[in-house]
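Make the complex out of the two chains shown on their own, each in a separate frame, by following the hints.
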Amino acid sequence: MEAIKQSLIDKLSVEQIKVELMRTAFGRRSTLLSRFDPRVLLGWYTVLAILPWFLSNKFVLLGLLVPVLVLTFSSKVSPLVLFILGLGLVSEISYILIGSLLFGGSLDAVWPLMTLTLKLLIISLASIAVFNSMDPERFSDALLSLGVPGQFSFGVSYGYRMLPILIEEYHNLFYSFRLRGKAPGNRGLLGWRSLVYLVRTAVCTFYPLMLNTAKRTRTTVEALEVKGFTYALASPEARKLKLAYLRVGAADIAFLGISLLYLIALCVGGHWVSF
Amino acid sequence: MSTASAARIPQTTEPLVALSNVGFRYPGASSDALQGIDLTIERGAFVAVAGTNGSGKSTLCKTLNGLIPNYYVGDLTGDIRVAGLTAAEETVSSLSKKVAYVFQDFENQLVRPTVYEEVIFAPLNFGYPDYKERGERALALLGLSHLRDRWIWQLSGGQKHMTALAAALSLDPDLIIVDEPVAQLDPQRARLVYDKLKLLREQHGKTILVIEHHTEFIADYCDRVILMDKGAIRWIKPVREALSRVEELAELHILPPQVTLAAKRTLEEERQEGESALPYPVTLGEAAEFYRQRDVGSRLNAVDGGSGAQAILRGTAKSGAQEPVVRFDNVTAGYKTIDRTPHRVLKNVSLELREGDRIALVGSNGAGKSTLLKLISGIRRPSEGSVTVCGFRTKDVSPERLADYVSYIYQQPEEMFIEDNIRKDISYFLKARKHPGYAELVDGLMERLRLAGLADRDGRLLSGGQQRRATLAIGLAMRPTVMLLDEPTASLDALSRREVAAMLSGELGSVKTAVIATHDMQLVAEWANRVIVMHNGEVALDTDKRTLFSNSELLRQAGLTPPQITQLGDALNLYPPCLSVDEFVRRVQSALKEEVPAWKPSNKASSTS
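Residue numbers (our numbering), protein chains in the order written: chain A, 1 to 275; chain B, 1 to 609.
One chain only, chain B, in its complex shape (with noise of 0.2 Å):
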């Protein structure tokens, strides 16, 4: 990555994007978007930008395609080349052809009715004769030529996702830059996505700029880090020695690979003082050679194997009987699809749910954990069978009186926003009931979860983070016995998400059943006593989050990925699985503590236990 004057280099050796002294500033804001930003990036090169929010990342990737200063109009000062052209001199129509850009909410990308219309859509719009060759080629680039007629409204997350990346490389671009792809994916899905960047890079020749702070996600598939602060480039590093920076990835709420985390800590407890041990390991592969070179996993099953091992399992003894709180008996549910067929989403579940349980609800899409949620809030009721929620059986009262006992917060927290202002959205709820005092009651609550600032601002105009502690408001606003939350993690950044963590973690009030239907297994790892895993309609697995993970092959059918941590004690073979990085490094210390009674070749270490 050299700043050398590129354009006298001929054709074939010039950097593919190349940018000096870019700085830009949004009409009316005070502050520059972008300042003094140089940047190279060869042809062929897979990089990540991160950043926090608002530091830039997005903007810098615009002025990439012409969006700046074409579309967004402010003063754009610097050199701008992109694939051999000068930025200046170009539209978005002309940029767009060799720098293809898929939007972090890429649903709103997609235009068109059905797959193949989108496909074809801009290549169409620019007049090539070829477009129905273009959009077959892009489909089949992508694997996706089964999905050409299907209409947009029924794809799921990913395959729309992949649908909007088709769409980009119908026109044959040099450089393809996606925006957050994992923010909106669930971690399988997102890595689908991402070994089709890797294709398209390796076999293609494409250039792929991806704005990520999923740091395993970059430590896998990328080879260099651009990171981004207040509108300037920090530093650009190869992506090893980047990741191993995790102070300053911390103060910029960049959570680094748990692996990173891990093998830095095992190596302060070794090295001495002053000694210099970068870079850590930053994919599972690598940290399993760190610790397999430390003899890690024969060790820890010489401690762990025995006593240990049920030390670790009796904390996660379940709770003794109780009157459940929530109770399916032979439930069956579904909905008729377009052609007047019933579809059965739920078969035959029996569940009980008892006062106590923080309950994990996991499972592919499409698995059924949304209808079930639905069915104890009283929104659908059963075909067959019935539920009861508090004595109340769903089919028998409405969803106005269920909501006395029950909250259901859902994946959309546009969708919870019926008012004009948080506080008003807050307070619907106790208002309809004419609460006795409910203004202090409303306003205690926004204290508690930091909304206090934000009492008068509309709820879709807040950040990511800020939206779900105000949906989580509104259901604790509603002092509900069970609370049912959908994918509450899901699109947040690492702080947010820690944050919202936190809060589930901690009081919640009346609460005496919690249900969560989530892909984030670190959450489950975290936060959940209690795991249900949903296969195709049916409860696959009711049991407590070790076995969870201990059971690789259920988890592989389910389309789940357990913590990266927790992928590493498997790689080693621990047992019980771990679920922290806390939990993992006490281990490994002791471990590394202890004098190994005699030497036990690894590989065979897993059947003593």
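Isolated chain A (complex conformation) (with noise of 0.2 Å):
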């Protein structure tokens, strides 16, 4: 038992979610969704995305989860990521079943929540899938191919950029004031006291960091001045220039097309099978 709880405790160190968390961001891998064209992969997205909540055909649902639970092992997602989606799922079936049985419902509610579930896994997964394979630069420059100002696209890829600096300072804020605290001498049942004392100290941390960053920007908006960022934002040449590479190729022609023939296979089949 102990030594269970010792190795749950290593997975779930600040250390390593750290690791995980820059391994998701920054761990560059060649997926099979990472060949295609992200403005395609934004649409497919999409798609995917809505078209669920249409759907009450558990056969199409299945359908479509085969696929993205194939596409989601293909791009390589931390167990992190997964565990934390499971638990929410977990979570999410608990406390709609608990609440049904308490105002007199029965075992009947679980078959309707797995469809809701399935929907919601879709969906989960499909953003798991889209947003670990691709590259936030890319994800950048499709939004702003796709006429979304400048300014926010650019937030997005500044926001990867500062995304392993802020870790790293929350890291040493949060040991700031563990250094400096004092932890309950009493650890209460089930060492309840201490889980408030690192929550409460986990929040606080984000306090400091937002100062922190706000001094910091100063030089960085100057810099941004100088880079010429506002003089791109209004000159067509740089947008043109900067979005050059983006292309759709036979490849992402190819890919959608299988995607839609594969839906209408689902829909006709779903005419015949449904349970």
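Read the hints as simulated data drawn from the structure, not as lab findings. The reader is advised that the hints may include incorrect statements.
Derived lysine-lysine pairs resembling DSS-like cross-links, with alpha carbons at most 25 Å apart [to be verified]:
#  : chain 1 : residue 1 : chain 2 : residue 2
1  : B       : Lys196    : A       : Lys18
2  : B       : Lys395    : A       : Lys182
3  : B       : Lys196    : B       : Lys237
4  : B       : Lys97     : A       : Lys240
5  : B       : Lys374    : A       : Lys18
6  : B       : Lys395    : B       : Lys264
7  : A       : Lys240    : B       : Lys132
8  : B       : Lys97     : A       : Lys18
9  : A       : Lys182    : B       : Lys431
10 : B       : Lys132    : A       : Lys182
11 : A       : Lys215    : B       : Lys424
Pasting the structure below:
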């Protein structure tokens, strides 16, 4: 028991979560999805995020789940992310079920809940697969090319640049609190006092982090000015130059085509099979 | 540097920068940030701007790339011409193509995720079709091509600075302005930056302007010094003449090179009243030549080589055995890299830190210094072996519990300010422990560290020196047995640096053992009584400071540069090594007074010791 607890603590330590986060964000992978044009991927994802809400046929939903699962695994998603997803789904089902039991429902509620869960699962896995595969730089360029304002699309990639620094600083600030703070002497039942203390510290840490970030941006805005960022916002040539590499190729068309054919086949199949 | 009517002379001979009667006032300010500035800088010059904080150095430089008055709107008067452009008619964008700027906090200047993205950012924004080539060229120019695909967060401080410089170079500017390169980098990396700037000037005809108060670098690289005081230019002089004005510089809290101070004092002993000795030697080479002319090397060795050396070395003998305050037993520690493979930062380290130890922890970046400190503070735990602090195994207790014995002062003061004013920050620890009468304790401490007037200010908004004093107070308020400091003198100007060093040498209350991780060899020479050299995660040497500085091979390997005065002693074959200007002058004086027994060629002298 002690060994399991220790290994769980190791897996969920701040350090470990940091590594997994960094891995998700910066582990350069070439996956199946990363080969496609980011705009095509965004479009594909948008359809997949909306469509399940209009379907209730479990055959079709399961049919959608299969390729999404395959794509998720091909994207080499971090186990931590999948774990959090799993945790979310299980708690979601549990609280609805408990709610329904409390108000006089029965286990019959499980079956319709499965439909909802299936929909959520498809959408979540699709987002994980797409955003895990898509380099934020390409995402940001895709947004720019789809007409989103330059400030916003730059913000996405700037956030990407700042993320590791913020994580590191958060970590240091968190320990600043702990190295001067006092943990509760009595840990309480199941250590709830300690848990409250740590969660409280984790939340407090965001305040100095925000103030430090605000201070930092002064140089950044000056530098952006010097590097011609505002100049580029008003210049169509710069935009064209920047987006020149985005091209929808044969592979993208094929990907969309196969997806569409598969969807049609599913809907036709769903006409005959339903449960 | 004439103030001739520049505009009428053909393009090629026009000075790159011509300011006449320039003044500037920030909106809402009660006094001028700049006044009556007349300045010309010829093409191909390497100029230093020196002066105290708030003397207008940065403001002056920001008028050259148009940030003033286009971004900082205020009252700008006078004429500014830069690279053939009249600044008043230009925008930041057009001036930025001619003037590159590397900021003091260059880390925040990097806005893209990778090195390559960063260097193509500016040319891409300005719509240059050859933006890729420009980026690649800038990287090649600084020898950074191997870093092309790195993430910015993976780079060391020196590499980040170089990347910021490369990004600025991608626009092929005429003038490069670098704001205090030495402040944020360790001496060896700062030298690399200066070497590149020198190369850019000599081989590519760039004009370089640095804001700098580290006079050793000014002496080695610049040919002219602009001294600023209260928003005006006090004078512009050739470098040797400028740095020889020792008293005037000291009055503005600028520390002349150590060799200049030594030579000045030696000359004062030699010369008669009223005789002028200016200019003094300002570089290591000049000073070595100056002392060789006086045959100091062979005389010193005749005196010091025998009993003198023994006397000096005896003073640094180690203290006796006691129960160690901190013990490392075969400690291995590290972290997981992004591909989940473990990376060992410390390998099998065994160490004992005793009461009375003032330890300087030195070594290049990545050698494991910070990890060692974090292990003592309990922030990190060893993967193998054990760390025992004041009788506790760090594995078994929480960092909060260890904090009763250990205080750890981060390199970045901002990361220690967790409250909105420094009085609260300093009280935090005592208040959390409901210490009776903590308010008086904190007041006393703030009085002592001259923070009383700043009690209600947010730590983040203080100056560098004040921030260091505040973090020192935070650490001392914890009344620790072990005090750990990470680079306490980094990025401070000469005055604040001296203050912090003096505080560390003074009364530290309950502290029995202090450890400072540092690149500042002058601090090591002044403060430490024990030096631990880290190299590749191992303890390469555990010794006293004199032995450290006599081991030049190890110093080179560990990426350390001894204080300039120690280097001068080394150049004169002085043994044991000299640690301070006072000591050097004393030893030289006594040698010069001595009758030399017999003439010996200086190159043989070292073999006698």
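Do the hints match the structure? See the list:
1. Lys196(B) <-> Lys18(A): violated, 36 Å
2. Lys395(B) <-> Lys182(A): holds, 18 Å
3. Lys196(B) <-> Lys237(B): With a Cα-Cα distance of about 24 Å, the restraint between lysine 196(B) and lysine 237(B) holds, given a limit of 25 Å.
4. Lys97(B) <-> Lys240(A): Given pair lysine 97(B), lysine 240(A) holds - Cα atoms ~21 Å apart, limit 25 Å.
5. Lys374(B) <-> Lys18(A): With Cα atoms ~17 Å apart, lysine 374(B) and lysine 18(A) stay inside 25 Å; holds.
6. Lys395(B) <-> Lys264(B): violated, 55 Å
7. Lys240(A) <-> Lys132(B): Holds, because 14 Å separates the two Cα atoms, which is no more than 25 Å.
8. Lys97(B) <-> Lys18(A): Given that 25 Å is the threshold and the Cα spacing comes to 39 Å, the pair is violated.
9. Lys182(A) <-> Lys431(B): holds, 10 Å
10. Lys132(B) <-> Lys182(A): violated, 54 Å
11. Lys215(A) <-> Lys424(B): holds, 20 Å
Hint check: violations occur at hints 1, 6, 8 and 10; the rest are consistent with the structure.
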